[in-house]
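With the hints as constraints, model all of the structure from the sequences given.
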Amino acid sequence: MDMETNMNELGGAFMVGWLATHGDLDGALVLAAAWMAIGGAHILPAITWGHIMTGDLGDSDAWMANGMRLVFQVIGAALAVMLGAELAAETPVYEAATMWEFDMWPTMGTLAGGALLWTVYSRCDAWVAAMAVMATAGVVAYGGVGDMGSALLNSGDADMAASLVNWVVDGAVAGLGALLATKVPDMV
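Here the sequence shown is numbered in my numbering, starting from 1171 and rising by one per residue.
No lab work stands behind these hints, which were simulated from the structure alone.
A virtual CB, placed ideally from N, CA and C, is assigned to each residue, including glycine.
Accuracy of the hints is not assured; some may be wrong.
[To be verified] Using C-beta positions, here's what the derived DEER-type ranges look like:
| hint | residue 1 | residue 2 | range |
| --- | --- | --- | --- |
| 1 | M1357 | M1330 | 35 to 45 Å |
| 2 | D1231 | M1274 | 31 to 41 Å |
| 3 | M1357 | V1241 | 31 to 41 Å |
| 4 | R1293 | L1199 | 12 to 22 Å |
| 5 | V1241 | D1356 | 26 to 36 Å |
| 6 | A1305 | D1356 | 38 to 48 Å |
Written out as structure tokens, the structure is:
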């Protein structure tokens, strides 16, 4: 287990979860600073899923390493939620997502947003990729890791299964968008 990488993910997710929660310019600047300061950290589950889907899908070591990144992103987000709750002297309000509700257009938006994000992330500097995150925040669910952290901290009050399913599926669909962004230019 690469503890340095895992601690980078934890710290990056904590920083973004605590300081950049609104998908605005301030959040993009915090994310850009985190990506530049913490070299090699994915920080966002959508980026980790992009690495999973565009890498060697048969490489079990890569799956385990990226799975650990996702776990440490949840831990970092949970720590940010705890700190925010302590500073605000209130517990986080959590609205559970519906687990099996499927709507095609938000899914297609996540797919397209994942493709756009991966195209920019894989070709540009960190500050440009952070702006792409801000631009696609309306269609890609970047807050899934925070929802998962909140569900863990709410002592079972939130629907843990729904949070987990939405977090994994949203990330995987954004990762499929990244895969699409790498395969379509090869086919054209």
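Outcome of the hint check:
{"no.": "1", "hint": "M1357 to M1330: 35 to 45 Å", "verdict": "holds (40 Å)"}
{"no.": "2", "hint": "D1231 to M1274: 31 to 41 Å", "verdict": "holds (35 Å)"}
{"no.": "3", "hint": "M1357 to V1241: 31 to 41 Å", "verdict": "holds (34 Å)"}
{"no.": "4", "hint": "R1293 to L1199: 12 to 22 Å", "verdict": "holds (20 Å)"}
{"no.": "5", "hint": "V1241 to D1356: 26 to 36 Å", "verdict": "holds (32 Å)"}
{"no.": "6", "hint": "A1305 to D1356: 38 to 48 Å", "verdict": "violated (25 Å)"}
Of the numbered hints listed earlier, the single one contradicted by the structure is hint 6.
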